[in-house]
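**Q** Sequence order for the protein chains is P and A.
Read in the UniProt record's numbering, the first sequence has 414 at position 414, and its numbers run on one by one without any break.
Read in the UniProt record's numbering, the second sequence has 165 at position 165, and its numbers run on one by one without any break.
Honestly, I wouldn't trust all of these hints.
[Claimed, not checked] Derived list of chain A stretches under chain P, where covered just means 3 residues or more per stretch with a C-beta under 8 Å from a C-beta of chain P:
no.: 1; segment: 26-33
no.: 2; segment: 199-205
no.: 3; segment: 210-222
no.: 4; segment: 318-331
no.: 5; segment: 361-373
[What the hints assert, rightly or not] List time: in silico DSSO-like cross-link candidates among lysine-lysine, alpha-carbon distance up to 27 Å:
no.: 6; chain 1: P; residue 1: Lys152; chain 2: A; residue 2: Lys152
no.: 7; chain 1: P; residue 1: Lys71; chain 2: P; residue 2: Lys52
no.: 8; chain 1: P; residue 1: Lys8; chain 2: A; residue 2: Lys152
no.: 9; chain 1: P; residue 1: Lys152; chain 2: P; residue 2: Lys239
no.: 10; chain 1: P; residue 1: Lys242; chain 2: A; residue 2: Lys52
no.: 11; chain 1: A; residue 1: Lys52; chain 2: A; residue 2: Lys8
no.: 12; chain 1: P; residue 1: Lys152; chain 2: P; residue 2: Lys242
no.: 13; chain 1: A; residue 1: Lys239; chain 2: A; residue 2: Lys152
no.: 14; chain 1: A; residue 1: Lys152; chain 2: A; residue 2: Lys52
[To be verified] For the chain A half of the interface with chain P, some residues (derived, Cβ under 10 Å), not all of them:
no.: 15; residue: Pro59
no.: 16; residue: Val62
no.: 17; residue: Arg142
no.: 18; residue: Val281
no.: 19; residue: Tyr285
no.: 20; residue: Gly302
Source of the hints: derived by calculation from the structure; they are not laboratory data.
Cβ coordinates follow ideal geometry from the N, Cα and C atoms, glycine included.
2 protein chains.
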Amino acid sequence: MMRTRPLKVALLGCGVVGSEVARIMTTHADDLTARIGAPVELAGVAVRRPSKVREGIDPALVTTDATALVKRGDIDVVVEVIGGIEPARTLITTAFEHGASVVSANKALLAQDGAALHAAAVEHGRDLYYEAAVAGAIPLIRPLRESLAGDKVNRVLGIVNGTTNFILDKMDTTGAGYQEALDEATALGYAEADPTADVEGFDAAAKAAILAGIAFHTRVRLDDVYREGMTEVTAADFKSAKEMGCTIKLLAICERAADGESVTARVHPAMIPLDHPLASVRGAYNAVFVESDAAGQLMFYGPGAGGAPTASAVLGDLVAVCRNRLGGATGPGDSAYTQLPVSPMGDVVTRYHISLDVADKPGVLAQVATVFAEHGVSIDTVRQSGKDGEASLVVVTHRAADAALTGTVDALRQLDTVRGVASIMRVEGE
Amino acid sequence: MMRTRPLKVALLGCGVVGSEVARIMTTHADDLTARIGAPVELAGVAVRRPSKVREGIDPALVTTDATALVKRGDIDVVVEVIGGIEPARTLITTAFEHGASVVSANKALLAQDGAALHAAAVEHGRDLYYEAAVAGAIPLIRPLRESLAGDKVNRVLGIVNGTTNFILDKMDTTGAGYQEALDEATALGYAEADPTADVEGFDAAAKAAILAGIAFHTRVRLDDVYREGMTEVTAADFKSAKEMGCTIKLLAICERAADGESVTARVHPAMIPLDHPLASVRGAYNAVFVESDAAGQLMFYGPGAGGAPTASAVLGDLVAVCRNRLGGATGPGDSAYTQLPVSPMGDVVTRYHISLDVADKPGVLAQVATVFAEHGVSIDTVRQSGKDGEASLVVVTHRAADAALTGTVDALRQLDTVRGVASIMRVEGE
């Protein structure tokens, strides 16, 4: 069974993830050989700073010319862990053109240009695998596109960004405010110097686009994903959540509409009940809940980032792609045959938790309730509390279209008796 | 891309799982066609009672002659959901001999004869997939053998039997005794009339053998798995567990020894800390924790049994096997290249929680502590309580070899001052 010519791997990028990939390829070489059926050899490593000392990597393999590396023609698999759109995109398509399969960890690129990249892979009869692009080490892409290939997925609900989960968990457990929790995340290395991509939900939105596409066998682009960050979540929101028996998580939610004719994808902070399995996901961990017709509720949990965990996912793909090459086959490709439209956020059906500062006088509740009724939004519970002429009103709604809820809030702001809308948060996972 | 000749599927068994497989093949036919790249057709259904009305299944497809069905020669995939050793084993090998690939949900057969069946699949260039054999709908076999193929798994720790988890959860939450909880499980259909296979751990042991084999790329037979049932777990044990900040679960535990040179597999009830993710797995759900070098800690959670969930796993395999056939390839096969020895239970390193009934007089603790010391078992905590000349002593040990712990308990039983050993339970997941 064993052939002796090694499969040649080109590594693009040698940062936190790339260096772990190279390390494991060396230390686990015998295991990889046994599992693939042939040895794998690191044939080149493209980096930006060639002078940096890289332990365990032969300096002769290091190059700054990534393009020449992917064009060599003897490369079986290109592992792309550079990130970002360019030059990653051009390098991947060039790799396909020169006969290589590709393993990528690049969520931004997959979310933006997945369709074109998949088409290029098919055109050249090569594989494009990207387990590491979503939720780090957690096997998620493969279960969705293979294990559940005979099922119908209706919902994907997940914590897919470790930085924001660390911050929210810290706020929840210590009562800290957002800035204080962010500072600690930064100090501990969980947040980057510029945390925008994480805290504004861009990172999670890219993952939501990828997950929705795979789960529903349709095309979901990054622009299709509704996105709200979590920078405005306050300690008071956590207090409200606790009163509801909930906590707050930044969730990526991909849903098939009740009629099955469209899908939605969104990222925003939301209250979820404490007894929901996602509520107990601590620190920088990720977890993704999947609901399907036949399997029911599944959850996948693990480290969502980090060099070694992400490298684990990359290497799992590398083994699969190498096996495919030896067998003269390709793995399951892109599947977007359902071509379902992506509905806007207004069509999403969900619940709201709304805190209002109102005048403390008779008739306010009646006025507020009338506004909800006029917009067709049914109220689940109302809690009033007040002193010194000021009062607060907490309204939790039944499920309604997001557009109706937004319209309700806009109208509430117009009421003289409503001094302000203190907070609005969706309630999920019930 | 689309070819028109359908792939032909023979279904062996049409009970709870088989009827769901047939139903989904019909209702989701268009989706399956799109995902596979060709239509799949139910070409025959082998049953024991042909006269039974089976909604949605063409009576012309039904036969009692399973052997003739798998020998037809035009069958692409045989789906075996009969269970048990024979005739399933002979039917599967006959299927390979006649050119079919096989999808099986048969944990007992895989645990006992997996090696021979895999060898038969390889000999005939066919696939043997069995995601449904372990933990129902939860994608577990595929993540272990594919997603983690580039990683080194050190430990698999799981709740893989829903019946026993339902019973233990009921005991935990209501304070019920074992028999009362079992009766409720039986009444609700979670336990069979003869619950032996579940409550004595035979079912979980078969799954442990399969998981250990895949996780460690070695051969683990059912006889290699140490097994203790959970029929002797008492309400008092749950009380002790709560005092430890723990609950009790029936766990399947597969471990690589610290030196990496051997593995162990075992099934027994154990205390696990309440903050361990497995502690909050409720009702009949299953969950499996996987620890590996690079990925760290992963968990997979979902329904571990039932017709539709198991059918979901079967159909995921069916899609994969059909794709492989269209591509002229086979999926990743059996991998037992490490050939690690399976160590006996005595070599397992774990902790014990021991409750002793002792005479209430001076010197008893010193005597007991001496016995632990003589066997090289270090004590973590001791708690004494007593009245009226009787006393109890609860000892929690540090990690030690199971043989040393067993020897300690045997020696304690010999002490005049030890009236009895009220309970012994291992402590895991810390």
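**Q** Confirm or reject each hint.
**A** Here's how the hints hold up against the structure:
no. : hint                : result
1   : 26-33               : holds (count 3)
2   : 199-205             : violated (count 0)
3   : 210-222             : violated (count 1)
4   : 318-331             : holds (count 9)
5   : 361-373             : violated (count 0)
6   : P/Lys152 / A/Lys152 : 32 Å, violated
7   : P/Lys71 / P/Lys52   : 24 Å, holds
8   : P/Lys8 / A/Lys152   : 22 Å, holds
9   : P/Lys152 / P/Lys239 : 37 Å, violated
10  : P/Lys242 / A/Lys52  : 54 Å, violated
11  : A/Lys52 / A/Lys8    : 23 Å, holds
12  : P/Lys152 / P/Lys242 : 34 Å, violated
13  : A/Lys239 / A/Lys152 : 37 Å, violated
14  : A/Lys152 / A/Lys52  : 49 Å, violated
15  : Pro59               : 24 Å, violated
16  : Val62               : 22 Å, violated
17  : Arg142              : 5 Å, holds
18  : Val281              : 9 Å, holds
19  : Tyr285              : 8 Å, holds
20  : Gly302              : 4 Å, holds
In terms of the numbered hints stated before, the structure departs from hints 2, 3, 5, 6, 9, 10, 12, 13, 14, 15 and 16, listed from lowest to highest.
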